[in-house]
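Number of protein chains: 2
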Amino acid sequence: MRIVDLRIHPIAIADPPLRSSYGLHAPYALRTVAELVSDDGIIGITETYGGEAQIAQFEMLRRQIIGADPYRLTGFLSPMVEGQGGGAARSQTYLVPGENPLDATTRTYAAIEVACLDLIGKTVGRPVCDLIGGRVRDEVPFSAYPFYKHAGGGGEGADAREDEYGEALTPQALVGQVQQMVKRYGFSSIKFKAGVLEPDVEIETVKQLYHTLGPTVPLRIDPNSAWTVETSVRVGRALALELGGGGYLEDPTAGLENMGEVRRRLLGGGIGTPLASNVAVTSFADIPRAVRLEAVQIILCDHHYWGGMRQVQHLACLAKTFGIGLSMHSNSHLGVSLMGMAHVAAATPHLTYACDTHYPWQSEKDEVVLGGRVPIVKGCVHIPEKPGLGVELDYDQLARGRERYEKCPYRKRDDEAEMRKHVDPNWTRKLPRW
Amino acid sequence: MRIVDLRIHPIAIADPPLRSSYGLHAPYALRTVAELVSDDGIIGITETYGGEAQIAQFEMLRRQIIGADPYRLTGFLSPMVEGQGGGAARSQTYLVPGENPLDATTRTYAAIEVACLDLIGKTVGRPVCDLIGGRVRDEVPFSAYPFYKHAGGGGEGADAREDEYGEALTPQALVGQVQQMVKRYGFSSIKFKAGVLEPDVEIETVKQLYHTLGPTVPLRIDPNSAWTVETSVRVGRALALELGGGGYLEDPTAGLENMGEVRRRLLGGGIGTPLASNVAVTSFADIPRAVRLEAVQIILCDHHYWGGMRQVQHLACLAKTFGIGLSMHSNSHLGVSLMGMAHVAAATPHLTYACDTHYPWQSEKDEVVLGGRVPIVKGCVHIPEKPGLGVELDYDQLARGRERYEKCPYRKRDDEAEMRKHVDPNWTRKLPRW
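Same order as they appear, the protein sequences are chains V and H.
Residues in the first sequence are numbered from 1 upward in steps of one, following this note's numbering.
Residues in the second sequence are numbered from 1 upward in steps of one, following this note's numbering.
Everything labelled a hint here was simulated from the structure, so no lab data went into it.
Misleading hints may appear alongside valid ones.
Where chains are identical, the list cannot tell them apart; a pair therefore holds if satisfied intra-copy or between any two copies.
[Unchecked claim] Simulated pairs of lysine to any residue, SDA-like, Cα-Cα distance not exceeding 25 Å:
no.	residue 1	residue 2
1	Lys378	Phe76
2	Lys386	Phe76
3	Lys183	Thr231
4	Lys386	Gln64
5	Lys378	Glu139
6	Lys386	Leu398
7	Lys378	Gly75
8	Lys386	Asp39
9	Lys386	Val4
10	Lys386	Ser38
11	Lys365	Glu392
12	Lys386	Thr123
13	Lys386	Gly157
14	Lys386	Asp415
15	Lys386	Val124
16	Lys386	Met1
Whole structure, please, built from the sequences with the hints as guidance.
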């Protein structure tokens, strides 16, 4: 079996005006869908970050990909991920995911690995999770991912999406948003994006969530490094009860030393709330220092930027070895990425928390998966018996995504620019802000 | 595809009277070869440790194996290896490999994983290394593995094997043994089993090896924990030059604290010879303390007891992350194990040293691989294009191995008993001895 074609589809998908410490989501998120076509006419698919830099990365590898055997291409390209260990850390503290040039090669390797695995799976009639060690679960749990947001569902003009959630810039509105999500998708844990309003408002939001949902629903809060050590400790203390039941405090402050200090001070005060990270620890090179400083108790993996599914499995074993929990990071994405996340999670025993997903924020109008959106039922994605990732492309939908991309004025993600455009002309990202 | 049969073949193979700090190799080493048969009539094979305990382990799983899908069995059984992290360490310091009850489940899981991968590979026409990420090398380097030994090639009575190497209980004889091995197999690195004679004799042996082979051949010495910290440091100092060129000092003394002290004292004296281990670190649970104590700079992996090929790949990533090198441990084995080692090594980028192998010590008369022994050329095993492990069973040879097993009076390895029987009736293993 040989790969005879690489097809790259840059697309834009409507994205609601979600807020985070990075700024504001633009009306469209950029994604790339790629296909590897075998000489048997079978197609392996993948979805990853968008924009021109990502496309250039794929193009650079075209000559190595065409003619390659999909069983062997991942080994042949392995220097792309093997180079990451032992070198400089690739912190995402100051860069939005997908826009960090230091992990461009691991992102691209990951996308190719997934396409190869989908191609192999579709060739031999096997789900991807069963090619990489075998599933340990058929139902992969995801979290609700509430955001403070402005009104609107993303997209612009005739392409604007309906908005079932409305504006949410108060604790009450955010609780309402979560209730809608829980009702629709059956989520049983909540990851709340903070770092947007005053810490006291965000504390109040978590308290109201806890009061509304009860103590059996794990709550996590992620301000994306917006706080000082002092504020982080204050929030950790104020929410000791609310985050204590299987929840965590994610990247409260920037830098591993500061994270370690927050942890020590919370523990010193008898508060065991673990610290999670997907910005202080984004590569294997970050881990030895994180372990030494005891700065991170949970790593959020993401096959998209950790270098693929097998690297995530390596990471899970490493995390387990050092007593570190594992959750999963997400970015605005469609169903191909969701199934990729679900398959790697299905074949990763040490997954100790429900995975993040932005999927509820995307519109069914933008889905490129044939047959429409992947269902999330009782908070879980089910691993089907279908081969590969279990999904195929809807080429009409893909063409519409490409049209949106062509019309879209930007070629990379810039949440600060959006913030200045729509909310505050003088806004800049400031770490720490509070 | 379903597994319809599990066939277990206990065998005994002639083993020369090799010496180590554990004692003396018995005339036969026990191995187990197992087959998984699919409903398509395809057979996946595996080789692992021998004796009754190993067979009982397989039998305990028979009901879970029969009817299982080989793509999914490894995921289903993953608690057998996932249980190992975070728990008690499983040191092999005091037990010969294969006789440690604490790693019985990981050993058995590993054997089943290899058989599943071979079965899958033979079903889809792909080499095992290309199922687990893809090869990064086609030629897997192995080391010569000289031992002090008594005369004879193993086996007993009419079954006694010829002995091309003769007795080697002096530095000169050991150098001769190495020269024979290098000539026949083209090895370009040497792993020397020590802990048998007075340390000064072993120092002299290494010096003669260095003098004979020159500075470009990496030399390693492994006394299997026979020395005190003091002796370890003394040997490390005496052999700073000889072990410095890509060699290492393996498990000089028992226990991670002692290993850490040896390392500190050598480094303090300006000697950077790294310490390797396959007895102080034999499971993921041992690693955090090894890292903290900086006790081990190279881990010798072995898919047979680390829980299989994928666990070895996880280990390699972990080792790389913490700046630890990776080599490979071996035990007396035949060609099925050799090919398993070669395939996992082929698909493991971070393999920083040539692998150990006892293979040259086994007789071609005992080989169970169809077509005879796997060639080692220029010190390397070549990964063929054949599917699975690339080897199949010779059932006549297997039957002969079984006959030897039936005649053999012992059912587990006991190097101390052999030592008392043939060398010194009062001998006991003593750590440290010197």
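Do the hints match the structure? See the list:
no.: 1; hint: Lys378 with Phe76; result: between (40 Å within a copy, 23 Å between copies)
no.: 2; hint: Lys386 with Phe76; result: between (28 Å within a copy, 19 Å between copies)
no.: 3; hint: Lys183 with Thr231; result: neither (33 Å within a copy, 69 Å between copies)
no.: 4; hint: Lys386 with Gln64; result: between (29 Å within a copy, 24 Å between copies)
no.: 5; hint: Lys378 with Glu139; result: within (9 Å within a copy, 49 Å between copies)
no.: 6; hint: Lys386 with Leu398; result: within (21 Å within a copy, 40 Å between copies)
no.: 7; hint: Lys378 with Gly75; result: between (37 Å within a copy, 23 Å between copies)
no.: 8; hint: Lys386 with Asp39; result: both (21 Å within a copy, 21 Å between copies)
no.: 9; hint: Lys386 with Val4; result: both (24 Å within a copy, 23 Å between copies)
no.: 10; hint: Lys386 with Ser38; result: both (19 Å within a copy, 21 Å between copies)
no.: 11; hint: Lys365 with Glu392; result: within (16 Å within a copy, 54 Å between copies)
no.: 12; hint: Lys386 with Thr123; result: both (12 Å within a copy, 19 Å between copies)
no.: 13; hint: Lys386 with Gly157; result: neither (38 Å within a copy, 58 Å between copies)
no.: 14; hint: Lys386 with Asp415; result: neither (37 Å within a copy, 52 Å between copies)
no.: 15; hint: Lys386 with Val124; result: both (11 Å within a copy, 18 Å between copies)
no.: 16; hint: Lys386 with Met1; result: both (21 Å within a copy, 15 Å between copies)
Comparing the model with each numbered hint stated earlier shows that hints 3, 13 and 14 do not hold.
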